[in-house]
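Trainee: Protein chains in written order, with this note's numbering: chain A, 1 to 333; chain B, 1 to 706.
The reader is advised that the hints may include incorrect statements.
Claimed, not checked - Between beta-carbon pairs, the in silico distance windows are:
1. B/99 to A/298: 21 to 31 angstroms
2. B/638 to A/286: 25 to 35 angstroms
3. A/327 to B/11: 45 to 55 angstroms
4. B/420 to A/6: 48 to 58 angstroms
By construction, these hints were calculated from the structure, which means they are not laboratory data.
Quick caveat, the model's predicted, so the values are computed rather than measured.
No residue lacks a Cβ here, since even glycine has one placed at the ideal position from N, Cα and C.
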Amino acid sequence: MREFGYERALDVPGAVAVLGGDPEARYLGGGTNLVDLMKAGVERPARLVDVRELPLDRVEPTADGGLRIGATVTNSDLAAHPEVRRRYPALAQAVLAGASGQLRNMATVGGNLLQRTRCAYFTDIGKPCNKRVPGSGCPAVAGEHRNGAILGASEHCVAVHPSDMGVALAAFDAVVTYETAAGPGMLALADFYRPVGDTPHLETALPAGALITGVTLPAAPVAAHSRYRKVRERASYAFAVGSVAAALDVQDGVVRDARLAFGAVASRPWRATAAERALIGGPADADAYAAAADAELAAAQPLSQNTYKVPLIRNLVVALLTELEQHGPEGAR
Amino acid sequence: MTTTAKPDAVGVARTRIEGRDKVTGAARYASEIPFTELAHGWLVLSTIARGRIRAIDDAAVRALPGVLTVLHHGNAPRIKDDVIGALGRPDPIVEVFQHDRVPHAGWPVALVVAGTSEQAREAAEALVVTYDEEPHDVSFDADKEGAYVPQDAETVKGDVEAELAASTVVLDAAYTTPEQHHSAMEPHAVTVRWDGGRLEVFDSNQGSKWVADDLANLFSLDLSAVRVRSEHVGGAFGSKGLRSHHVAAVMAATELQRPVRIALTRRQVFAITGYRSPTAQRVRLGADADGRLRAFAHENRSMTSTLREFVEGSAGFGRTMYDSVAHHSVDRVVPADVGTPTWMRAPGEAPGSFAVESAMDELAEKLGMDPIALRVRNEPTAGPISGLPFSSRNLLACFEEGARRFGWADRDPRPRVRREGNRLIGTGVAACTFPSGAAPSTASVTAEPDGTFTVRITAADVGTGARTALTVLAADALDTAPERVHVRIADSDFGAAWVAGGSMGTRSWGWAVMAAARDLREQLTLRGTEIPAAGVTVTTNTAELIAQLAQKERYAFGAQFAEVAVDVTTGEVRVTRLLGVFAAGRIVNPLTARSQLVGGMTWGLSMALHEEAVRDETFGSHVGADFAGYHFAANADVPVIEADWVPDEDPDDPVGIKGVGEIGIVGTAAAIANAVWHATGSRQRHLPIRPDRVLLAEADRAGHDA
Numbered sequence: 001m002r003e004f005g006y007e008r009a010l011d012v013p014g015a016v017a018v019l020g021g022d023p024e025a026r027y028l029g030g031g032t033n034l035v036d037l038m039k040a041g042v043e044r045p046a047r048l049v050d051v052r053e054l055p056l057d058r059v060e061p062t063a064d065g066g067l068r069i070g071a072t073v074t075n076s077d078l079a080a081h082p083e084v085r086r087r088y089p090a091l092a093q094a095v096l097a098g099a100s101g102q103l104r105n106m107a108t109v110g111g112n113l114l115q116r117t118r119c120a121y122f123t124d125i126g127k128p129c130n131k132r133v134p135g136s137g138c139p140a141v142a143g144e145h146r147n148g149a150i151l152g153a154s155e156h157c158v159a160v161h162p163s164d165m166g167v168a169l170a171a172f173d174a175v176v177t178y179e180t181a182a183g184p185g186m187l188a189l190a191d192f193y194r195p196v197g198d199t200p201h202l203e204t205a206l207p208a209g210a211l212i213t214g215v216t217l218p219a220a221p222v223a224a225h226s227r228y229r230k231v232r233e234r235a236s237y238a239f240a241v242g243s244v245a246a247a248l249d250v251q252d253g254v255v256r257d258a259r260l261a262f263g264a265v266a267s268r269p270w271r272a273t274a275a276e277r278a279l280i281g282g283p284a285d286a287d288a289y290a291a292a293a294d295a296e297l298a299a300a301q302p303l304s305q306n307t308y309k310v311p312l313i314r315n316l317v318v319a320l321l322t323e324l325e326q327h328g329p330e331g332a333r
Numbered sequence: 001m002t003t004t005a006k007p008d009a010v011g012v013a014r015t016r017i018e019g020r021d022k023v024t025g026a027a028r029y030a031s032e033i034p035f036t037e038l039a040h041g042w043l044v045l046s047t048i049a050r051g052r053i054r055a056i057d058d059a060a061v062r063a064l065p066g067v068l069t070v071l072h073h074g075n076a077p078r079i080k081d082d083v084i085g086a087l088g089r090p091d092p093i094v095e096v097f098q099h100d101r102v103p104h105a106g107w108p109v110a111l112v113v114a115g116t117s118e119q120a121r122e123a124a125e126a127l128v129v130t131y132d133e134e135p136h137d138v139s140f141d142a143d144k145e146g147a148y149v150p151q152d153a154e155t156v157k158g159d160v161e162a163e164l165a166a167s168t169v170v171l172d173a174a175y176t177t178p179e180q181h182h183s184a185m186e187p188h189a190v191t192v193r194w195d196g197g198r199l200e201v202f203d204s205n206q207g208s209k210w211v212a213d214d215l216a217n218l219f220s221l222d223l224s225a226v227r228v229r230s231e232h233v234g235g236a237f238g239s240k241g242l243r244s245h246h247v248a249a250v251m252a253a254t255e256l257q258r259p260v261r262i263a264l265t266r267r268q269v270f271a272i273t274g275y276r277s278p279t280a281q282r283v284r285l286g287a288d289a290d291g292r293l294r295a296f297a298h299e300n301r302s303m304t305s306t307l308r309e310f311v312e313g314s315a316g317f318g319r320t321m322y323d324s325v326a327h328h329s330v331d332r333v334v335p336a337d338v339g340t341p342t343w344m345r346a347p348g349e350a351p352g353s354f355a356v357e358s359a360m361d362e363l364a365e366k367l368g369m370d371p372i373a374l375r376v377r378n379e380p381t382a383g384p385i386s387g388l389p390f391s392s393r394n395l396l397a398c399f400e401e402g403a404r405r406f407g408w409a410d411r412d413p414r415p416r417v418r419r420e421g422n423r424l425i426g427t428g429v430a431a432c433t434f435p436s437g438a439a440p441s442t443a444s445v446t447a448e449p450d451g452t453f454t455v456r457i458t459a460a461d462v463g464t465g466a467r468t469a470l471t472v473l474a475a476d477a478l479d480t481a482p483e484r485v486h487v488r489i490a491d492s493d494f495g496a497a498w499v500a501g502g503s504m505g506t507r508s509w510g511w512a513v514m515a516a517a518r519d520l521r522e523q524l525t526l527r528g529t530e531i532p533a534a535g536v537t538v539t540t541n542t543a544e545l546i547a548q549l550a551q552k553e554r555y556a557f558g559a560q561f562a563e564v565a566v567d568v569t570t571g572e573v574r575v576t577r578l579l580g581v582f583a584a585g586r587i588v589n590p591l592t593a594r595s596q597l598v599g600g601m602t603w604g605l606s607m608a609l610h611e612e613a614v615r616d617e618t619f620g621s622h623v624g625a626d627f628a629g630y631h632f633a634a635n636a637d638v639p640v641i642e643a644d645w646v647p648d649e650d651p652d653d654p655v656g657i658k659g660v661g662e663i664g665i666v667g668t669a670a671a672i673a674n675a676v677w678h679a680t681g682s683r684q685r686h687l688p689i690r691p692d693r694v695l696l697a698e699a700d701r702a703g704h705d706a
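Please build the complete structure, drawing on both the sequences and the hints.
Mentor: Shown next as structure tokens:
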């Protein structure tokens, strides 16, 4: 077998120091994606630095009324946390919409952000993929791309980011904190993932060797009034073909505040800022919701097999905002 | 005189005899049986879709840690290429390492054997194979050239075109089903060793004598020199016959003279163990105003490899199903640079029933008739083509009982009228059928001195509960309790027997076991009660008994009912209820029979909504050929499924068993597709019914309404 080194880190500076600048090393969280990719030969790290034992497993309120979520908090614990459920229900719903119970018990917040696309060309080392082997080509554009991106993609890559959690985080202005040998740093989630362009293999703006230590969610009253809805090709245990996180604050029939982010449409969780701008200050009705979705989707460039994603996202936006307005974050749909 | 009747064991629900061993892990599967000096083989599959192997540089790999040998066309022994076995010629994939030709993507080009599985895999991935690539074509387009009608693949009665022209209502629709894979829970695996001049094979297969004889013939060995055992099998569904890993393992074990194991990965299972071809079907039905069919026309096209003709015989479904004045049914095949398709649960009937039973629903809609009434109207009294009587045909009883339980009488026939929240609700129905055959088998029954009995037959329990079914059949035939009967199966030394296939296992093996048991009882009556230490053994073959069967149409039938909830804004289809009522002869073990039917219906649901293997035409190979990419129903997709049966007796049949292994998957997808129409008003003629297809249908409706 391909041998690799394994070390368990006990504190953050130690983890960063052990990994050092080694480009052949990877941090290991729950391993629910990295280990699969190692088995498939997609990832071939020389060393794994296990960060699961780091003291980053807490969800804590921040002074300004937000939440700080440690990088090694498991998906299960995140979704079950009462403050997450109260302040950011869409986040809890998004996490529970992902994977299976067993995987959620293992998977971590930090790993979730760094998981790789499930594009079938990326995971098949017998085929080209610009993300896996830069410059080898993207066969998905001419081949199978039913679950490909419709926003922000390029001819070099049409893969989508698979995270559900990330979609809710994007809606709520999450900030990713990290540690490097040079000290701590932070990145707004909006800046965390790099544009695809002609470098789809460069996925995040994290500095080399950086270890994600957590995610901070700023206070957002509107977030308490939020929902997540995921559509997939079976009822469970599948990645989204389209998903929406939405938050809505309506007073006297007028939208005071709104948040929208889309999943499975781009190489990253897609914050729908154009849609939000269209909503805020306008009427809280289905026509306005549809117009807002259209404002965001005007930039969509679907390929031959994924034109359906445009009406899908549009319908989801209308449905979710309508449900929020009529039933709140939970209840009948 | 009074007798104390022993209660029958047949007909009583009974858990599997080996169930405890399976759930506790005590049951050993083919890749789990320990051997000393075991070596591990790893197959190297072609990365090109057509061409020739230019070179295999095995020197570097032979030097890697643990590597024992590398087999390929340059050094492998030649095997016979004209073997014809119990089920015809072995799959062409067995002809590995015999030539430099690559006929399709995934063709095994080498085997690396090493001391551990990890060493073998690493070396296999390091093996450099260079190819002279040739253009390939894996397409299956409607207008593709090269399609032909195989022998005996066309049935004509009367003049279909004339009857269509004379019909009051005509339905003409095209349906497709995609490539589908068995992918049993237990991936294919085999362990081979030479033992005292005998080749011992520990396998996961559907017929140990079948595999043993084909292996012996391929390697020019005496049939008695090969012994194949397959004690436990984690699913097979048509894919577990003799394949390339058996042949490669025998070659390696012979060269190394030590045990060799090959266990396939899931992706290898997708690449080299067969699959169900995609189909493209056209159904034309012509009817009088009262629903009587004047014309029944069914054209099917399936794909095969360039190596062998395999026909996914979907056009056969209607030949026993419906009466019509004129009938035309034909299967065509298109060769492509792909692996050879093979039997997969209800080959032919599964895709064929989707097309025909969807078309019948569409015809009922056009006629303004209830879809069950349309089927009643066209119920034949004898084989529509053959004119032979049916051994028993209780399809209408299935519909009657199913309609009662499902509440069909209360159904509003209009589409798109039931709504619950955001979801549209619909119900649909379909008929199903599957042949009930029997094949000669040999069984031995031994009366042991301690009063117990031992049954030996080369049956295969592929998860169906066959071992348990044979135990209770033997117990009743021996007039003893099942606890006193020990059934040993899946050992080629027990003689020739039918395979676990064609829904014929329980009927064929059960017949042999019952016949041998009766012969033994006669012997024991003659001999008196004294049993010698070696026991008294009787061996019986059923060839003559089966030959005496009257010529009849022998089929199981059933009615499938489905309810779906469709969110047309997202395209999500959820099946909320499935009911199947079957007429499948005598039910041996209600518990495992129901499990077979529910399993088949679950697969039918999966076929309707999920399953689809995708090939990239550029590379000629699959995309997403693993369980992340190839979706089948998850638990959350499967509602409570009810499967039951109506009495279906045939006093003229000596065993009365019809088989339940495959009929459950037949018609299910059509019932679901018909329910989706009833819910949404849009016909879904292409499987699987994915969210994107439902959304596009909605867009089409909006376009038409505008």
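Trainee: If a hint holds in the structure, say so; if it doesn't, say that too.
Mentor: Now the hints, each set against the structure:
1. Between residue 99 of chain B and residue 298 of chain A the beta carbon distance is about 57 angstroms. The supplied range of 21 to 31 angstroms is therefore violated.
2. In this structure, residue 638 of chain B and residue 286 of chain A meet the distance hint of 25 to 35 angstroms, their C-beta atoms being roughly 34 angstroms apart.
3. The given range of 45 to 55 angstroms is respected by residue 327 of chain A and residue 11 of chain B, whose C-beta atoms sit roughly 52 angstroms from each other.
4. About 52 angstroms separates the C-beta atoms of residue 420 of chain B and residue 6 of chain A, a value consistent with the hinted range of 48 to 58 angstroms.
Hint compliance for this structure: hint 1 is the single one not met.
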